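K.L.:
Residue strings, one per chain:
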Amino acid sequence: MTAFWVLAPVMVAAALGLLFVRKAVHAALLLATVMMSLAVLYLVLEAPFLFAVQIIVYTGAILMLFLFVLMLIGAESRLSLVETIKGQRVLAVLGGLVLGSLLVIAIGQVTLASPVGLEAANSGGNVEGLADVLFSTYVFAFEATAALLITAALGAMVLAHPERLTPKESQQEMAARRVREYAEHGRHLGPLPAPGVYARHNSVATPALAPDGSVIEASINRTLVPPRPADEPDLPELAADEDEEGPQ
Amino acid sequence: MTEYVILSAILFTIGAVGVLVRRNALVVFMCVELMLNACNLAFVAFARQHGNLDGQVAAFFVMVVAAAEVVVGLAIIMTIFRARRSASVDDASLLRY
Amino acid sequence: MTPLLAAAEIPVVAPVAADGVLAWAWLLVALPLAGSVILLVGGRFTDSFGHWLGTATAAASFVLGVTIFVALLGRPADDRSISQHLWTWFDVGDFQVSMELLVDPLSLLFVLLITGVGSLIHLYSVGYMAHDPRRRRFFGYLNLFVAAMLMLVLAGDYVGLFLGWEGVGLASYLLIGFWQHKPSAAAAAKKAFVMNRVGDMGLSLAIMTMFVAFGTTAYAGVSEAASGASEATLTAIGILLLVGACGKSAQVPLQGWLLDAMEGPTPVSALIHAATMVTAGVYLIVRSNFIYELAPTAQTVVVVVAVVTLLWGAIIGCAKDDIKKALAGSTMSQIGYMMLAAGLGVAGYAFAIFHLITHGFFKANMFLGAGSVMHAMDDDVDMRHYGGLRKLLPVTFLTFAFGYLAIIGFPGFSGFWSKDLIIEVAFGHSTLVGLAALLGAGITAFYMTRLMLMTFFTDRRWEPDVHPHESPKVMTIPLIVLAALSLLGGVLVIGGWIGDFLEPVVGHAPHPELPVPAIVLTLIITAVVAVGVALAWLLVGRQEVPRTAPQDVSFATRAARADLYGDAINDTLVVRPGAALTRGLVGFDSGVVDGAIEGGARGIGGLSGALRMLQTGYVRSYALSILVGVIVVVLALLVVNWA
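Protein chains in written order, with the working numbering: chain A, 290 to 537; chain B, 100 to 196; chain C, 4 to 646.
The hints are simulated quantities; they were obtained by calculation from the structure and are not laboratory data.
Computed from a predicted model, the values in this text were never measured in an experiment.
We put the CB at the ideal spot given by N, CA and C, even for glycine.
There's no promise every hint is true.
[As the list claims (entries may be wrong)] These stretches of chain A come out as covered by chain B in the derived footprint (C-beta under 8 Å, 3 or more residues):
1) 303-311
2) 428-438
[To be verified] Some chain C residues well away from chain B (every beta-carbon gap over 10 Å; in silico):
3) Gly46
4) Leu76
5) Leu115
6) His184
7) Lys193
8) Lys394
9) Gly437
10) Ser557
11) Gly569
12) Ala571
13) Val596
14) Gly620
15) Leu627
16) Leu630
Assemble the whole structure, with the sequences as input and the hints as a guide.
P.N.:
Written out as structure tokens, the structure is:
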């Protein structure tokens, strides 16, 4: 019980934090907190196998997937908390309160007998017990999950693969285009400048600086530039930092 | 055991409110995960209450489904982001009157 | 006359099967029909010989008609009703209509008139339409008309009669509007068609009533069942048949189309709108004698309509300057005589048919004569532009004079016999009707003399560039034949032959008792006719005829020039209320009906527009509604558990 009373407030606080943090990375970390705490509670509830799965699969794999995507689509950006749909926030909080109090009151009315406990079920070991149930009673559901996972993997591959709408530009065409662009617009013929090397943060995401100290935007990959939320300017402090430091 | 279930209900509700108030698709997704985990807690608690492993198996299946869902969902978010350069669920609102 | 007593006297149509030459009766209809089909389907390929083919089929029908007539005369008098069953037309439950031809004295007289006069008019048209580029089509229509008219009179069933009835209506429409490039002709055709539809409605209702009352529409079945039916039913059928007859025969109140129908080519006016089709109403009433004899009320209505039309047409004829319209008014009036005789029952049927035949001769003669005059005068129809033509058109003048003498009832000519008999029977019915018929005879003499004088006598009033000339032989030969028939038509009544011949069909009645001896009545009629002629001589022949119609004339003249305001009456009583009703219905439709429907649609559309706003496209809004749903479900569960 000690573990529960220690972890429960932590979990609730972390979950609540999920509603307020302005950075997605923080949200992921708060979620990790909740999940790790849950894993401990599973152990307390005599489910050692799920304890392992929760840590390895959930926290280790799924949450890392989250972080991975997060980095792809802009980890640096701050999330706006301004509500755009009229009345949505008020109604959501109101609805949440009603639902929560309803559930809590309803569950509070119930008096459960003292738990049976899993000593008997886990007598041959928790993993063996689960395997017994899984491969007998739930064997068809288990097979179905195999199909589900395969389908999901395929779907993810199809979705993540960008569709090519135009024929691929050959090297010859590209060379011709660049020379033409140079002739017409004076665009630089050579390769793009390399990212900055005097960076404090992350060399790939930090723009290079020209000899006069100005930032060369073209030196960083476009996908690494975080998207600008409507109410926040893009990279204000980053540019300022670079200005301050400059090439010594 | 009641306190576990109550905790599960509270986490579930917080997750639900999170889905409603957050605009970033990734955070919304995390809130959905939170709701799934809250359910899992109830399953595992009831398994112990009743003294058999069916609850744990259910939690196990929930995890499998959640994994599949996350894979596909994140791929969708990636695709939308590539097309619109935005991860806000409010921006994907073309399907309307 | 009580219906029960009358029932014994009314012949029942009980035909025997056709044999010998009579079995060829179907060819009577088939020949002109085939001619029409060839001419209308063959198109330009038949242009070169089409007119002769059309004439030949009509003439062939006439020859066949004469052969059948001779064959029929060779049979005993009570065995002259022959039917030829061709095929079963429709067969629905107990109701059966067979395509059946009925050859009896009545229909055969009509066949001879239609094919005989029709052939002459075909012949005449060969010359009259010689310069019309659509002559072949004209003959196709004429043949179609002859076929339909023969179908009408030969049918052994009211439904078959209706087929012919509609066929002649169609042919009439096509021929009145033959010169369709003239808006007046197109309008006249439409008017004739529409007014005939009113009459056809009456006829079709009569046929339906027969079907309901008797379960059959064959003459044989109806004539047999009629004696057992209630008088109210028979009166209703009789009046509905009269409505049909009024439409086809241009009787008041459906008379308006006939004057306008003169827009068609003159042979059409002669064949259809004088000699044959317009007499179909008379045929219908005489043919339905088994109904009218049992419905005295309907007979009275027929008499009233006939008398009104008789005078109406005669008065119009007095004021018209258009030669064809004057003759058309005269046609109305003469058909009024026939209807009068037909309405007088058994005593008059035979005389109605007799007058119909003589009228067919002399009116066709005069119309063709008028066509010859117009031909000479460059298609001018205004008699005020004629005058003194007797020297230039001697054949036309002489033949026209025969028709003239026949129609006014000059002693010895065919019209004398037939009209005299009708007036006699009218006096036998009631003095009032007799006096009306007598007055009509006087007016007839007046207007026909006026027409004669203005055309062939008095000063020459035509334009200097008009050079009247006699028509070619192909046109004058039919005139001569018809003139001879106008003179000799009276032979049919020698020894009461026509009455005896028709007796198996229409029955026989003793000669009516007259207020004065018959010979005195004949003298009186002749005297009245002489007065009419003299008046015309004084008012027209002795004075100079102005080239344009004087406008400072009496109200009576103005009214007669305006067809006695027949069109105005139709306009006020039917057209304008109908238009107002239509406007009202359109307003009701667009205001109330459409308003309700469109208003409902608009309301639902508005509601949908409002509900549409719920589809914001924001997935979070939808999620919120899901949350509300979850709350409702949880609440419901709690309520159910604790209730």
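K.L.:
None of the hints should be skipped; say for each whether it holds.
P.N.:
Comparing the hints with the structure gives:
no., hint, result
1, 303-311, "holds (count 4)"
2, 428-438, "holds (count 4)"
3, Gly46, "holds, 62 Å"
4, Leu76, "holds, 91 Å"
5, Leu115, "holds, 83 Å"
6, His184, "holds, 59 Å"
7, Lys193, "holds, 54 Å"
8, Lys394, "holds, 94 Å"
9, Gly437, "holds, 88 Å"
10, Ser557, "holds, 79 Å"
11, Gly569, "holds, 65 Å"
12, Ala571, "holds, 62 Å"
13, Val596, "holds, 31 Å"
14, Gly620, "violated, 3 Å"
15, Leu627, "violated, 6 Å"
16, Leu630, "violated, 6 Å"
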